[in-house]
Every structure is written in structure tokens, then in C-alpha cells.
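**Student:** Top line first, the protein sequences correspond to chains A and B.
Add 134 to the 1-based position in the first sequence for this note's numbering, that's all there is to it.
Add 124 to the 1-based position in the second sequence for this note's numbering, that's all there is to it.
I should point out that these hints are in silico values taken from the structure, not numbers from a laboratory.
All values derive from a computational prediction rather than experimental measurement.
So the derived list for chain B, only partly shown, Cβ under 7 Å to chain A, looks like this: (1) Val274; (2) Val278; (3) Arg280; (4) Ile281; (5) Gln282; (6) Arg283; (7) Pro296; (8) Arg373; (9) Arg374.
Ranges between beta-carbon positions, derived for each pair: (10) A/Ala308 - B/Arg213: 31 to 37 Å; (11) B/Asn156 - A/Ser274: 56 to 62 Å; (12) B/Ile323 - A/Ala248: 54 to 60 Å; (13) B/Arg373 - A/Gln312: 26 to 32 Å; (14) B/Gly203 - A/Ser274: 34 to 40 Å; (15) B/Leu222 - A/Ala386: 54 to 60 Å; (16) B/Arg215 - A/Ala201: 25 to 31 Å; (17) A/Ala248 - B/Thr359: 37 to 43 Å; (18) B/Ala210 - A/Thr313: 36 to 42 Å; (19) A/Ala308 - B/Ile323: 53 to 59 Å.
Here are some chain A residues the structure puts well away from chain B; computed CB gaps all over 10 Å: (20) Ser185; (21) Thr208; (22) Ala215; (23) Asp319; (24) Pro403.
Just so it is clear, CB atoms sit at the ideal spot from N, CA and C, and this is done for glycine as well.
Listed below, chain by chain, are the residues.
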Amino acid sequence: MPADMTAELAPAHATLRGVTRVYDTKPPLHALGPIDLDLARGEFFSVVGPSGCGKSTLLDVLAGLSAPTAGTATFEGNVVAGRVPDGVGVVFQEDASFPWLSVSDNVAFGLRRAGVAAAEVARRVDYSVGFMGLKDFAASYPAQLSGGMRQRVCIARTLVQQPRLILLDEPFGALDQQTRLLMGDELLRLWRETGATVLLITHALDEAAMLSDRVGVMSARPGRFIDLVQTGWARERDSRVVSDPHFGELTARLWSSLRAESMKAIGRPE
Amino acid sequence: MTRRAAIAWTRVAVVVGAVLLLEVLCRTAVINPLTVIPPSAMVVALWEMLLSGDITGDIAQTFSTVLAAFIASVVVGFGIGALVHALPRVRRAIDPLLASYYAVPFFVFYPLLVALFGLNTLPLVAIGFISATPAMMIATLIGLDRVPPVLRKVARIQRLGRVRTVLSVTLPSALPHLFSGLKLALAYAFIGVIAGEFILSGGGLGYAIAYAYESFENRTMYGLMLFVLLTATVTNGVLAAWEAHIAARRRRA
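Between the sequences and the hints, there should be enough to build the whole structure, so can you do that?
**Tutor:** What follows is the structure, given as C-alpha cells:
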């Protein structure tokens, strides 16, 4: 493991220590790890890696959706043991909006079930819907929206709960390039506004280079971190960094770290 | 005119055209009026029977029997469907049986049901129940299969308990398929009960139609047949409209 796999920016908000995930198949599938990682509070961290390297498994472990076979994941000092901790929000790649609920009801879903007072629900939903540019569509149903707008609904549903750790599993994977860039801007704005720690799983190197403070590059399965890249971007940034010469250097470095692993993943090791 | 409106009007025109054609063929004796009476005479006969109250008891008996069979089949079909969905091994074992279920002429069990329950409405409820339950069960299995796994993940992220997940996510997500199950269960319960009343019963619409047939009371028979037809059509139409309303919200633009 390279020496700087953990962040220098202590204290860690979320950690992975020796996290390993082996699926109980025949034969057993060693999907992930062992992995060590420290996420600093308020950091924007992205994970890139070849297909099937365990990126989503890593997210599932940190979210408490899946328990690690070995090792420990913690959030705010508490062990995450296969149970979703308070303060964690997740946005998935697939359309996870509830088709039977309007946009505002989708966004209010978690708050209502948590027993938050109606006036507070209305206030927070109004803010989140407005923040994600969905005010004119609050009464619409997901079926009436584009793919990008449905993903905004899911982000608003996460945002409304004021999570301190936001996990995003390839949230823009199904969107076109232009929409992805714009959604990236929205995400950066949300990150700055909330001060949340963000972990983004993505297969897009440019997305990782544009959005992140740090990018972790994973090996082919079983996924381990093989490189960690500090982007050096200022906190106030947006998609216009793609025209910065440094952006090209970052994506080139990410690809040079990733290429051999991607070749392994498709069965053509160099 | 929209495409959907055009289709709807075409459908109405076909039905009205067929009824008018039958009216003309009967009135001109191309079809022997002793065999089939004109549709207008069927309407008059039905109207008179409804006003006289002669068939009120039969209607009440059939409807209450269908309702009992329908409710029982929905509750049991949904319950077994959900249970089987949670037990993949059991499902693998019974899937072929479910697939071939409607190939079995279950009316052959009617004498057995009479022997078990006696000569009352229970065998009819049982026939309706046996007809309708697998439809609800299959719809439940399909509905639960089609709940996107990501929605269950969202429920976990929202830290919903098992019951709340079922009530707030699983059931609403499966609703269109469950609704199809309700629609089919009602249709099968109706068919099963009416057919059962034909075979061996002392009352109900099926019995009344069979009795009128055996007594050569054509007006009564066709009036009752029209009533059954209208009831089935209206019920199905209402449920179909409701189903379309649910589906429209979910249909991608």
C-alpha cells in the first residue's frame, strides 16, 4: 500500500481499516480489500477503478448496506456494522425515485417517516427542491421528468435530510456528457453549501479529476487502492476547471495508474 | 382527435355496429327470433325484470357469493404469493404447477365440494376461490419480482423497518401488478361462481339463466344474459380505467 493512503487532514470523519469483502459464492468471490482509508471531514473524495473492482462494494460497506467480511468501517467514531448510520445519505446510479410520488413527496419521504413536524418538512423540502432547480416541477411525477431531473430528485431527497456523509454511486452514469458536467457543478455547490463529506464512486476519470479534492485509484478485483491523487483544486471550483492545463495532467495521471488494472479487468494483462 | 380517443371511438362503433346488425337480422327474421331475440327486446326484458324485483334475490345471491370468493382469493392469493416469494426453493417447486394451473378443469371437483360443504353457497364460493386465487398469487409474485432492488436499498438508507418498508415501498411499487391481480381475480371469481350456479344450485344468476333455458323462456334468459354481460363489462371497465390512472403516473414520458 502506498504510504499516503490515509488523509493528512485529521480528524478522520469516516475510516476503513483492513476492510475486506468476500462474497459467499461457490467458489467464494473476493471482491474487495484489504482497504485502508481516512476521509477528512468536509473532503470530496472520489474512487475510480476498473469495472468489477469492488467500488460499489466499498460504498455499500461504508453506508452500512453490507457488512465487511474482515476489517472495520467507522463513521464519526462509531463502527458501521451492516446498519445504516444516522447522518449518511446515498445516491445511486439507477433511478431511485418513487414513481408513485410527486417530486415534493419523494423529497419529503424520509422526513415524514422519521416523524419530522409537517412545517419543518415543508420548509426543508421547499429549500431542497429549490436548491436542485426543481421548484417548477414540485407537483410533477418522476415519469414526467428527464433522467437528469429524476437524479436531481434523488439528490434532493438525500440533501433534505442534511447528511454529514454523502455517498454517491456513479450518480451521473446514465446521463449524457453535458448534463453530467452541469450536474457536477450542482454537486460541488451542494458540497460547499452543506459542508458534508462526499465519497463519489465513478468510472469517469474526468469527473473524478474535476470534482474531487483527492482521487483514490483502485486495482482490478479484489479492489485495493494503488494510487492516491491530490487534485489541488480550490474549494470554490466548477466545471470550468476542465480548461485548466492541470486538469489534463490529473486525468493523464489517473489513466496511467489505471490502465494496467483496466487491461487486467478485461482479461488482457500487459 | 387524439390516437387514444380514435381507438376508443372505433371500439364503441364496432360494438354498436354489431348490436345494430344483430337487431336488424333478428327483426328481419334472418336469425330466427325463437333462437335469438333482438337486443332491444333483451333490454326491455331486463328492465321489466329489474322493475318487478323478480331477479333481485338471484342478483344478491350471485354478487354476495362472488364478493366472498373474491375477498378470500385476494387475501389468500396475496398471502401465499408473498410467502412463496420469500421462499425461493418452494417457488422453484411450484412454479410449473402455477404455470399449468388453468389447464385443469377444476369444475370436476364440484361434486367433491358439495360433499365437503353441503348443498349451499359454500361450494360456489370455493369454486370462485379456486378459480381466482392463482391469478392473485401469480400477480403478487410478479409484482414483488418487479420491485427495483434500488428502492429496497433506499428504504434501508432511510432506515425504515421491515413493516414500513413493505407498506411504504414494496406494496406501492408492486401496486400495478397487484391491481392486475385484483382485476383477474374478480373476473375469475365471477366466471367460477356463475358457472357453478349453472351446474348445481338453487339460486343465483347462473341458475336463473339455466332454468330459463330449460323452460324455453327466451326473454328471461336473454335479459339475464345481458345483465351478466353488462355487469362484467362495467366492472371490468371501471377497474381498467382505475388501472390506467395508476399506470399513467408511472409511465415514462
